[in-house]
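For the sequence shown, this note's numbering assigns the number 257 to the initial residue and increments by one for each residue that follows.
Just so you know, these hints were derived from the structure itself, not from any lab. Treat each hint with caution, since some may be false.
[To be verified] Simulated restraints, written as ranges between beta carbons of each label pair:
1) F415 x I330: 27 to 35 Å
2) E264 x D285: 33 to 41 Å
3) F415 x D394: 19 to 27 Å
[What the hints assert, rightly or not] In silico DSS-like links for lysine-lysine, alpha-carbon gap of 25 Å or less:
4) K323 x K384
5) K321 x K384
6) K356 x K323
7) K321 x K470
8) K470 x K356
9) K323 x K470
10) K356 x K384
11) K321 x K356
This one's a predicted model, so the numbers in the text were calculated from it and none came from an experiment. Even for Gly, the Cβ is constructed at its ideal location relative to N, Cα and C.
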Amino acid sequence: MLALAAAEGVACDLVLRTRGRLPGLALVDTDAAGTRQRHDWRIEAPARELFELPEWGRIAEGVSKAKLVYFSGITLSLYSNIGIGRFLALVEMVRQQGVKVAFDGNFRPRGWRGDLSRTRTVFMEALKRVDIALPAYDDEAVLWGDPSPEATVARLQAFGIPEIVVKNGPNSALVASGGQSEFVPVPEVVVPVDTTAAGDSFNAAYLAARLSGKAPADAAAAAHRLASQVIRHRGALMPRAAAALH
257 MLALAAAEGV
267 ACDLVLRTRG
277 RLPGLALVDT
287 DAAGTRQRHD
297 WRIEAPAREL
307 FELPEWGRIA
317 EGVSKAKLVY
327 FSGITLSLYS
337 NIGIGRFLAL
347 VEMVRQQGVK
357 VAFDGNFRPR
367 GWRGDLSRTR
377 TVFMEALKRV
387 DIALPAYDDE
397 AVLWGDPSPE
407 ATVARLQAFG
417 IPEIVVKNGP
427 NSALVASGGQ
437 SEFVPVPEVV
447 VPVDTTAAGD
457 SFNAAYLAAR
467 LSGKAPADAA
477 AAAHRLASQV
487 IRHRGALMPR
497 AAAALH
């Protein structure tokens with residue numbers, strides 16, 4: 257796993273290891289339309305205890321040097337209340353130091369064992385610490401009952417979040433920033449082979465574009481382009497040869 261991460265250019269110096277423990281396992285099935293169904297075995301994964309390990313201070317030190325911190329609701333679903341408290345305190349600390357914070361709710365009911373009340377409580381605490389929100393509309397509709405992407409934007413703006421991008425599957429993304437909002441369309445209709453990592457690739461391209469100085473709408477267009485390429489291939493990682501063509 258570490259070798260694969262390193263080969264993809266991911267720094268591994270902050271990875272903690274726990275002797276005698278195994279990482280979580282995920283299995284993804286796709287149907288004929290490319291829609292994924294995920295099966296997870298991570299109830300005892302050591303990642304769940306990341307912020308309760310003696311070495312967790314290493315993570316705090318590394319995060320404080322970042323330009324941007326990104327996390328999702330899946331991140332939060334792993335931790336105990338103690339872990340969530342420490343993690344959100346860390347996010348608050350680095351944000352006060354000027355680090356930007358991005359969050360995708362990425363709500364998965366199984367990860368929260370169906371406890372909507374606890375999920376909402378934790379999410380509301382997280383949203384107080386966010387600069388860039390990257391929700392998927394279908395997730396927000398399930399968790400909060402939002403009737404439209406516009407309603408999602410309005411709810412998140414109430415937390416004082418200055419930059420919001422609501423993903424909506426094959427439909428246009430709604431970008432709200434600087435007091436303005438606009439729909440950014442998907443550049444082309446794609447028949448997906450595997451929708452695994454569609455949202456993750458969108459988020460990655462959006463944040464990379466914003467860090468490089470692109471405007472929110474231009475960043476959303478770049479995000480659509482990357483996501484549309486990723487879902488044409490099986491698995492979460494697009495082959496390097498295909499990536500080089502785009």
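* Could you tell me whether the CB distance from F415 to I330 stays inside 27 to 35 Å? => violated (20 Å)
* Holds or violated: K356 with K384, Cα cutoff 25 Å? -> holds (13 Å)
* Asked: Taken at face value, is the distance from the CA of K356 to the CA of K321 at most 25 Å?
  -> holds (11 Å)
* Are the Cα positions of K470 and K356 separated by 25 Å at most? -> holds (15 Å)
* **25 Å limit on alpha-carbon distance, applied to hinted pair K321 and K470** => OK: K321 and K470 at ~22 Å, within 25 Å.
* Given the hint that K323 pairs with K384, test it: the Cα-Cα distance must not exceed 25 Å. => Holds. K323 to K384 sits at ~19 Å (cutoff 25 Å).
* To do: With respect to the beta-carbon atoms only, verify the hint that E264 and D285 lie 33 to 41 Å apart.
  => violated (24 Å)
* Take a quick look at whether K321 and K384 sit within 25 Å of each other, Cα to Cα. => holds (21 Å)
* To do: Please work out if K356 and K323 have their alpha carbons no farther apart than 25 Å.
  => Roughly 6 Å separates the two Cα atoms, so the pair holds.
* To do: Could you see if the CB distance from F415 to D394 stays within 19 to 27 Å?
  => Once the Cβ atoms are compared, 20 Å apart, the range 19 to 27 Å for D394 and F415 holds.
* Restraint status (C-alpha distance of K323 to K470 at most 25 Å) -> OK: K323 and K470 at ~16 Å, within 25 Å.
Violated hints, in rising order: 1 and 2; the structure is consistent with all others.
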